[in-house]
Amino acid sequence: MQPTDKPVGRPTARRPTQLLRDILDTSDEFELHVGRTLSVNATDLEAMEHLIMHGPLPPTELSRRLNISTAAVTAVIDRLIGVGHVTRQQHPTDRRSVVVVPNPRSVETAMATLMPMIMGIDQVLDEFDDAENKVIERYLDGVVTIYRAQLPDSGEVPPPKSAVPRPRADVPGPRRSSWKPNR
Numbered sequence: 045m046q047p048t049d050k051p052v053g054r055p056t057a058r059r060p061t062q063l064l065r066d067i068l069d070t071s072d073e074f075e076l077h078v079g080r081t082l083s084v085n086a087t088d089l090e091a092m093e094h095l096i097m098h099g100p101l102p103p104t105e106l107s108r109r110l111n112i113s114t115a116a117v118t119a120v121i122d123r124l125i126g127v128g129h130v131t132r133q134q135h136p137t138d139r140r141s142v143v144v145v146p147n148p149r150s151v152e153t154a155m156a157t158l159m160p161m162i163m164g165i166d167q168v169l170d171e172f173d174d175a176e177n178k179v180i181e182r183y184l185d186g187v188v189t190i191y192r193a194q195l196p197d198s199g200e201v202p203p204p205k206s207a208v209p210r211p212r213a214d215v216p217g218p219r220r221s222s223w224k225p226n227r
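Per our numbering, the sequence shown starts with residue 45, numbered consecutively.
Calculated directly from the structure, the hints in this document are not laboratory data.
On a predicted model such as this, the values are computed, not experimentally measured, just so you know.
Treat each hint with caution, since some may be false.
[Said to hold, decoys possible] Here are the in silico distance ranges between beta carbons for each label pair: (1) Thr56 with Ala119: 40 to 48 angstroms; (2) Ser83 with Arg192: 20 to 28 angstroms; (3) Thr189 with Pro136: 22 to 30 angstroms; (4) His98 with Leu195: 14 to 22 angstroms; (5) Arg58 with Pro148: 25 to 33 angstroms; (6) Ile67 with Asp170: 14 to 22 angstroms; (7) Ser198 with Pro148: 32 to 40 angstroms; (8) Val188 with Thr131: 31 to 39 angstroms; (9) Leu184 with Thr131: 32 to 40 angstroms; (10) Leu63 with Ile125: 38 to 46 angstroms; (11) Ile96 with Leu68: 17 to 25 angstroms; (12) Thr131 with Val187: 35 to 43 angstroms; (13) Arg59 with Ser83: 33 to 41 angstroms.
Backbone N, C-alpha and C fix where the C-beta goes; we use that ideal spot for every residue, glycine too.
Turn these sequences into a full structure, and let the hints guide you.
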């Protein structure tokens, strides 16, 4: 880098746009905090979020929602069972299937961490009158619309991630002759 070159950083934007970036960054930090509270990694936390929001789900549906393979979701479920956050139970209407059920105590722990933040954010709106709230709502609706416009159509969604990384096709494996000791 030349002395006159500026380091690459955030693009110049107006204060509300910068604050949205700060909200996203802080949200990521808060998600890490919730994961630490529940003793789970990011993927396991995402699985817990789906189970808390939607109730018991079959492993195949959890796999689809997380966009991971069924083998990978099995590992997620096994880890969550290992720390006591979920159980596998027989599907209520399909005796050949199981559902993953969140532990009520784990849901309580998650909600005890989340609710003060959610209610605190909601209470910030009490500081504004109805007209200001409508402007805030219109602005945030516009931001959500911009985000959604950048997402691919559902037909363009990539296939689920593999549980085990595929070997690179362009890297040949070892040759047996290379295993011979040097003399």
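Hint-by-hint comparison with the structure:
no. : hint                                   : in the structure
1   : Thr56 with Ala119: 40 to 48 angstroms  : 43 angstroms, holds
2   : Ser83 with Arg192: 20 to 28 angstroms  : 33 angstroms, violated
3   : Thr189 with Pro136: 22 to 30 angstroms : 38 angstroms, violated
4   : His98 with Leu195: 14 to 22 angstroms  : 21 angstroms, holds
5   : Arg58 with Pro148: 25 to 33 angstroms  : 45 angstroms, violated
6   : Ile67 with Asp170: 14 to 22 angstroms  : 19 angstroms, holds
7   : Ser198 with Pro148: 32 to 40 angstroms : 33 angstroms, holds
8   : Val188 with Thr131: 31 to 39 angstroms : 35 angstroms, holds
9   : Leu184 with Thr131: 32 to 40 angstroms : 38 angstroms, holds
10  : Leu63 with Ile125: 38 to 46 angstroms  : 40 angstroms, holds
11  : Ile96 with Leu68: 17 to 25 angstroms   : 22 angstroms, holds
12  : Thr131 with Val187: 35 to 43 angstroms : 39 angstroms, holds
13  : Arg59 with Ser83: 33 to 41 angstroms   : 37 angstroms, holds
In the structure shown, a violation is registered for the earlier hints numbered 2, 3 and 5, in ascending order.
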